[in-house]
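The chain contents come next:
Protein chains: 2
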Amino acid sequence: MAKVITPRQEDYSQWYNDLVYRSGLADQSAVRGCMVIKPHGYALWENMQAILDKMFKDTGHVNAYFPLFVPKSLFEAEEKNAEGFAKECAVVTHYRLKTDPNNKSKLIVDPEAKLEEELIVRPTSEAIIWNTYRDWIKSYRDLPILINQWANVVRWEMRTRPFLRTTEFLWQEGHTAHSTENEAIEEALKMHEVYTRFAEDYMAMPVIKGAKTANERFAGAVDTFTIEAMMQDGKALQAGTSHYLGQNFAKAFNVKFLSDQNREEFVYATSWGVSTRLIGALVMCHSDDDGLILPPRLAPIQVVIVPIPKPSEQIDQVAKTLMDQLKSQNIRVNYDQDEKNRPGFKFAEHELKGVPIRIGIGARDLEQGLVEVARRDTKEKIQIPVDKLSTEIPLMLEKIQINLFDRAKNFRDQKTHFVDDRKSFEEIINGPGGFVYAHWDGSSETENAIKESTKATIRCIPLDAPEEDGQCIWTGVKSKKRVLFARAY
Amino acid sequence: MAKVITPRQEDYSQWYNDLVYRSGLADQSAVRGCMVIKPHGYALWENMQAILDKMFKDTGHVNAYFPLFVPKSLFEAEEKNAEGFAKECAVVTHYRLKTDPNNKSKLIVDPEAKLEEELIVRPTSEAIIWNTYRDWIKSYRDLPILINQWANVVRWEMRTRPFLRTTEFLWQEGHTAHSTENEAIEEALKMHEVYTRFAEDYMAMPVIKGAKTANERFAGAVDTFTIEAMMQDGKALQAGTSHYLGQNFAKAFNVKFLSDQNREEFVYATSWGVSTRLIGALVMCHSDDDGLILPPRLAPIQVVIVPIPKPSEQIDQVAKTLMDQLKSQNIRVNYDQDEKNRPGFKFAEHELKGVPIRIGIGARDLEQGLVEVARRDTKEKIQIPVDKLSTEIPLMLEKIQINLFDRAKNFRDQKTHFVDDRKSFEEIINGPGGFVYAHWDGSSETENAIKESTKATIRCIPLDAPEEDGQCIWTGVKSKKRVLFARAY
Numbered sequence: 000m001a002k003v004i005t006p007r008q009e010d011y012s013q014w015y016n017d018l019v020y021r022s023g024l025a026d027q028s029a030v031r032g033c034m035v036i037k038p039h040g041y042a043l044w045e046n047m048q049a050i051l052d053k054m055f056k057d058t059g060h061v062n063a064y065f066p067l068f069v070p071k072s073l074f075e076a077e078e079k080n081a082e083g084f085a086k087e088c089a090v091v092t093h094y095r096l097k098t099d100p101n102n103k104s105k106l107i108v109d110p111e112a113k114l115e116e117e118l119i120v121r122p123t124s125e126a127i128i129w130n131t132y133r134d135w136i137k138s139y140r141d142l143p144i145l146i147n148q149w150a151n152v153v154r155w156e157m158r159t160r161p162f163l164r165t166t167e168f169l170w171q172e173g174h175t176a177h178s179t180e181n182e183a184i185e186e187a188l189k190m191h192e193v194y195t196r197f198a199e200d201y202m203a204m205p206v207i208k209g210a211k212t213a214n215e216r217f218a219g220a221v222d223t224f225t226i227e228a229m230m231q232d233g234k235a236l237q238a239g240t241s242h243y244l245g246q247n248f249a250k251a252f253n254v255k256f257l258s259d260q261n262r263e264e265f266v267y268a269t270s271w272g273v274s275t276r277l278i279g280a281l282v283m284c285h286s287d288d289d290g291l292i293l294p295p296r297l298a299p300i301q302v303v304i305v306p307i308p309k310p311s312e313q314i315d316q317v318a319k320t321l322m323d324q325l326k327s328q329n330i331r332v333n334y335d336q337d338e339k340n341r342p343g344f345k346f347a348e349h350e351l352k353g354v355p356i357r358i359g360i361g362a363r364d365l366e367q368g369l370v371e372v373a374r375r376d377t378k379e380k381i382q383i384p385v386d387k388l389s390t391e392i393p394l395m396l397e398k399i400q401i402n403l404f405d406r407a408k409n410f411r412d413q414k415t416h417f418v419d420d421r422k423s424f425e426e427i428i429n430g431p432g433g434f435v436y437a438h439w440d441g442s443s444e445t446e447n448a449i450k451e452s453t454k455a456t457i458r459c460i461p462l463d464a465p466e467e468d469g470q471c472i473w474t475g476v477k478s479k480k481r482v483l484f485a486r487a488y
Numbered sequence: 000m001a002k003v004i005t006p007r008q009e010d011y012s013q014w015y016n017d018l019v020y021r022s023g024l025a026d027q028s029a030v031r032g033c034m035v036i037k038p039h040g041y042a043l044w045e046n047m048q049a050i051l052d053k054m055f056k057d058t059g060h061v062n063a064y065f066p067l068f069v070p071k072s073l074f075e076a077e078e079k080n081a082e083g084f085a086k087e088c089a090v091v092t093h094y095r096l097k098t099d100p101n102n103k104s105k106l107i108v109d110p111e112a113k114l115e116e117e118l119i120v121r122p123t124s125e126a127i128i129w130n131t132y133r134d135w136i137k138s139y140r141d142l143p144i145l146i147n148q149w150a151n152v153v154r155w156e157m158r159t160r161p162f163l164r165t166t167e168f169l170w171q172e173g174h175t176a177h178s179t180e181n182e183a184i185e186e187a188l189k190m191h192e193v194y195t196r197f198a199e200d201y202m203a204m205p206v207i208k209g210a211k212t213a214n215e216r217f218a219g220a221v222d223t224f225t226i227e228a229m230m231q232d233g234k235a236l237q238a239g240t241s242h243y244l245g246q247n248f249a250k251a252f253n254v255k256f257l258s259d260q261n262r263e264e265f266v267y268a269t270s271w272g273v274s275t276r277l278i279g280a281l282v283m284c285h286s287d288d289d290g291l292i293l294p295p296r297l298a299p300i301q302v303v304i305v306p307i308p309k310p311s312e313q314i315d316q317v318a319k320t321l322m323d324q325l326k327s328q329n330i331r332v333n334y335d336q337d338e339k340n341r342p343g344f345k346f347a348e349h350e351l352k353g354v355p356i357r358i359g360i361g362a363r364d365l366e367q368g369l370v371e372v373a374r375r376d377t378k379e380k381i382q383i384p385v386d387k388l389s390t391e392i393p394l395m396l397e398k399i400q401i402n403l404f405d406r407a408k409n410f411r412d413q414k415t416h417f418v419d420d421r422k423s424f425e426e427i428i429n430g431p432g433g434f435v436y437a438h439w440d441g442s443s444e445t446e447n448a449i450k451e452s453t454k455a456t457i458r459c460i461p462l463d464a465p466e467e468d469g470q471c472i473w474t475g476v477k478s479k480k481r482v483l484f485a486r487a488y
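Quick note, the sequences are listed as chains A and B, same order. Counting in numbering that gives the first Met the number 0, the first sequence runs from 0 upward without gaps. Counting in numbering that gives the first Met the number 0, the second sequence runs from 0 upward without gaps.
Looking at chain A on its own, in the form it has when it is part of the complex:
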């Protein structure tokens, strides 16, 4: 039997943890705040990586790899960036262990192997990368540099949750260098759009595109562009960010180039990243009390075939032919031949793991040339003639993909509010939750006061919000544009 998952209604947070651990996405580890990404979770990440990597390459980027460690003196060079990450840094201070003289079976840190300069385990790689770019950039002919890195990073978080916030996580970080401000801003916006397309077209997760306020910007950025998604509890989740860094890092690391006008100038920069956090977003956006619901374009297994009640020569033959037909269309299909478990157990397991389509093949249905096809997203079951499967299954996968997006978008729209006064704002934020578009006076003080009072933050200043006259819900000061508020992960 499938293991029990706490229902969402009862405890959303517990539902999430149960689901992540029981569906085989991740496991806890012996290291505080670090998780083990199990094969099912990693397969999902590999699919995400493959698609993103292709999108990056199609937009002209190449991959490279920079060191895990950042010497402290480099780390502190860009002041705001250093300040932003200093409180959550894992620091390497020694490079050797030795046998404990008091206990031969134990090891202790060798005090004689203390590093002259401490090494920071990268929380992000701007410092080490811009220190390297200095040697690579002499003239405008060396620009742009369009590099991405797939890597692990470490941020010492006090409260952690699998995928959403872990001490170590996997991500990609793009770091580009440009000769003009315009080109750099264009790059930051281009990658913002790449993330939007990935979230909506592959994760089936609608997002709001916008810019962060000064308070919420990446440490060291001039502008941070974000995509914000709504989870099923109405809270927002920041799913990806793209930063225009101006000349901040170029100045901190003295990276200049000779322009085509023969003038020495500082280089303009961007950085952009998404992480394994996207897996948490995916889980919280679509799944239900029976388990994961994965969008077909990312699901490690898209179709599972279950023999009913167990494999037989006849069923195996039908399954094999079907597998060949689907595989030839690049559909990821599996035949669950395990004889130890009954169909009911298997159904629950595949639902738990989020396989989009389950095909049950039984002798009785086969007599009429039929099989039973079950959709994970709607739980709908229909009978389909065997000879129609190779055309119907690909269409159904597309339908599921679209349905997941539409469902998530409808849910978000229903939980999105436009409010014009503090009372209504508080009623929604403290009550049902969701996204709230409201006017704000533009000051960090007000933003902080709202956060303190309601735990809601400004998720973004939406890029496509129309200009309109309004008044800040908190201070009454005039405003020209609504911003997006929500409580967030």
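It should be emphasised that the hints constitute simulated quantities derived from the structure, not laboratory data. Just to be clear, a hint being listed does not mean it is correct.
Note: identical chains are not told apart, hence a pair may lie in one copy or across any two.
Said to hold, decoys possible - Below, computed lysine-lysine pairings styled on DSSO-like, alpha-carbon distance capped at 30 Å:
1. Lys326 x Lys53
2. Lys326 x Lys103
3. Lys208 x Lys408
4. Lys103 x Lys398
5. Lys103 x Lys378
6. Lys319 x Lys56
7. Lys137 x Lys86
8. Lys255 x Lys103
Once you have looked at the hints, place chain B on chain A.
Relative to chain A, chain B alone:
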């Protein structure tokens, strides 16, 4: 003009470093012993990864990801493994920085943020993985576990060289768990064979398969299987290892399972890995004084088209058609349209970077329907009719792949010696170098004495060496089998 590379004859070691840096494979970094893998080097690694990953999946493995950090108490659990790596461990002792009270622009380690238990940056992941497997394995039904991980690891090396020996490196590490000794040994040998196929069929690098002596085994292994390649200076390079770990880690981490006989038993283990070191091996196996020579199956760009002397409408048209023809055959082809540089400069650059085939298209040749095709491996140049290119180029790529393997194998065979006495042994090892097959008495003492005296080590006990009567070249003690000696990287 291409930058100057020290010739191999003059200084082999300097040639290697020049080549790695100047061909754009890697760069030095601000972190002691760590390198930056530049886009050209990383593209090579991506190609290696894609092929290996497929080979692993085709043999039933899945990927997962385990934490970067290993708590010290876990690290020391398997005694031999801990002892083997204790001297080269980066140790995290603190999790926060703070502003230096004496200098506001500097950061210092916050003494109040000292970890209760130090964290070791993984030098290899057996400890953290076997500590996790304990929770995953209850019964024989949970076995085998066939997991691989792509990751970075850190070993604090005193003398480092790009790719060959770096403090941080990228690798894959497989960690499998089995219910019987036989099955585990079979797995270790299977992956040993996978590495052999990869080295020979993709890297075009012939290898000797064998087992390591007790002295040279992985710390914690019962048996280490290795593939050993010869570099152009006659030295050996260990290119991949696969370990049968017996029940050592299962015992250290108390990982037991209930067998199908209902008995509680310790689990049997293997681990196996190859790393970015393979890039160093590839460079040293095939390249020459003009630059890299890359085997077509791994080369990031397999064919480069150069317009002579520069792009024109006619040449662009021919190039475009050719590109389409080659791309449709999955050939990685590039058209060098850069107008800033002349053909001579481009030729040298593409030679430096190791592009297997260069096609020069010039107006004069085109009048006769011909283009010039240059092979990187032999420097041969021939004229080929334009309409034959789409069939000739794929064949030529195959020929280059085979030629590189044959050339490396001939070189190795010429530098491989069978000797039966100490004097001849020393003459070869201290003289021209190369591989030496010789009898050895089987003792670690003798092995150490030979190493001390000649710097030659036993690279392996070859798996396919015939039994024959002989005498140890050092002690005269009787021996049944020759082992492979060489100086090594």
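Evaluated hints:
1. Lys326 x Lys53: both (22 Å within a copy, 16 Å between copies)
2. Lys326 x Lys103: neither (57 Å within a copy, 62 Å between copies)
3. Lys208 x Lys408: Answer is within: at 14 Å inside a copy they meet the 30 Å cutoff, but 58 Å across does not.
4. Lys103 x Lys398: neither (64 Å within a copy, 58 Å between copies)
5. Lys103 x Lys378: neither (60 Å within a copy, 61 Å between copies)
6. Lys319 x Lys56: Result: close only across copies, 20 Å inter versus 36 Å intra.
7. Lys137 x Lys86: neither (35 Å within a copy, 41 Å between copies)
8. Lys255 x Lys103: For Lys255 and Lys103, only the inter-copy Cα distance (26 Å) is at most 30 Å; the intra-copy one is 55 Å.
Hint compliance for this structure: hints 2, 4, 5 and 7 are broken, all remaining hints hold.
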